[in-house]
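K.L.:
So the sequence lines, in the order shown, correspond to chains A and B.
So the first sequence is residues 1 to 164, counted in UniProt numbering.
So the second sequence is residues 1 to 277, counted in UniProt numbering.
You can trust all of the hints, since none of them are fake.
Straight-line C-alpha distance at most 30 Å; calculated DSS-like pairs for lysine-lysine: (1) A:K57 to B:K187; (2) B:K187 to B:K258; (3) A:K147 to B:K187; (4) B:K189 to A:K147; (5) A:K3 to A:K57.
Covered stretches of chain B (chain A as the covering partner; in silico rule of three or more C-beta atoms under 8 Å from a C-beta of chain A): (6) 29-40; (7) 46-55; (8) 96-105.
Rather than coming from a laboratory, the hints here were simulated on the basis of the structure.
Backbone N, C-alpha and C fix where the C-beta goes; we use that ideal spot for every residue, glycine too.
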Amino acid sequence: MSKMHVKMTVNGKEVEALAEPRMLLIHFLREELNITGPHIGCETTHCGACTVDLDGKSVKACTVFVAQANGANVTTVEGLVNDDGSLSVLQEMFREHHGLQCGFCTPGMITRAHRLLQENPNPSEEEVRFGMSGNLCRCTGYQNIVKAILAAAAELNAAREAAQ
Amino acid sequence: MIPGVFEYHRPSTITEAAGLLTRFGDDARVLAGGHSLIPMMKLRVANPEHLIDLQDVGELKGVSITSDEISIGAMVTQHELIQNDALASAVPIIREAALQIADPQVRYVGTIGGNVANGDPGNDMPGLMQCLDASYEVAGDKGTRRIAAREFYEGAFFTALADDEILTRIVIAKPQAGSGYAYEKQKRKIGDYATAAAAVIVGPGIGSIAMTNLGDTPIWSAGANDALAKGDVDGAVNAVMAAISPASDNRGPAEFKKHLAGVILRRAIERAQGRAN
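Given these sequences and hints, build the entire structure.
P.N.:
Laid out in structure tokens, this is it:
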């Protein structure tokens, strides 16, 4: 089986590797690049634990071949911390509002919520629930995840207003 | 979880893609958003030896809207359909239905062309396209042709698309002024295929209905359309009920689905009538 040369930007860094085209992006991230924040919770594209940001879209990395992502710009939860390594507002709010327990869905949740707030900076509770519906959580019952995302939106909006 | 081995191709034109399909025949599949094909490959239900990725084929992108016709590129994603305000104002039922398909991540990559070409009776767009009387433009080495959505579906995963053809665009006549619309879908949860769903367009002298996941193909009946256009709701519902043949599965026994189909259809008609003027 022939490998192909793959090049992409992951969390701001250019990476190159040889990989089989059939390798799933989630396995490429976890096994080739040791970026193990994104997780695998199913094999039917439901759970969203593998969610990454690919060229500005929330995508389930278990349902993308590495060949398709050749040349793409990928961000994982590891790339969402502040420049100084401290937690982003969204990450901080998940902690503050107890938006996680086992933590297995959290990287996908935060990566998805990051994109959701880029597209809709001031969502209603219903919009958050609908916007997060591609991500399953076994522990929290979602309530605190919704609170965390709404709190992050409020804080980010306040910061934006203060900066203007 | 682990798909079989394949060779990967990324053409940048329809001609190039059609050439690859002709060359590899049955051993090749086109890869659009990949959100039906890749899951099937991960379960080894599909084992193509060649994948022809269409992501770089610019001709398959874009939505164009004229005064009487809408043309949607096959590689336009569900997310793009939803975001397109001009499309939502021309044919609002498309946004309403797309929001009931899958989940946000799937909608960023899943395409309208893949949804209609897949041939799974669970997909929502095929019924909607029959309701809208859309046509599919398909291209192959021998040239292009148009196939009416109402004649495209032959059975579960069997369509009028030949092995060496690519579905390139979907063409829809703008619904008549004053018509109302609704896409009503009953499902167990977000992301599920419909237990039963109905697409309805209705207005003065206008009626069109198609049903999703109540048979091997979407269900469309000329008799139902005629009855609805005359304002005969009971007649339209009866015609649809005679045409459906749901299968029993985890979503419920056939008898339940038949009952549900009637409920969903009446709801869709009522909502569409409320929007007509």
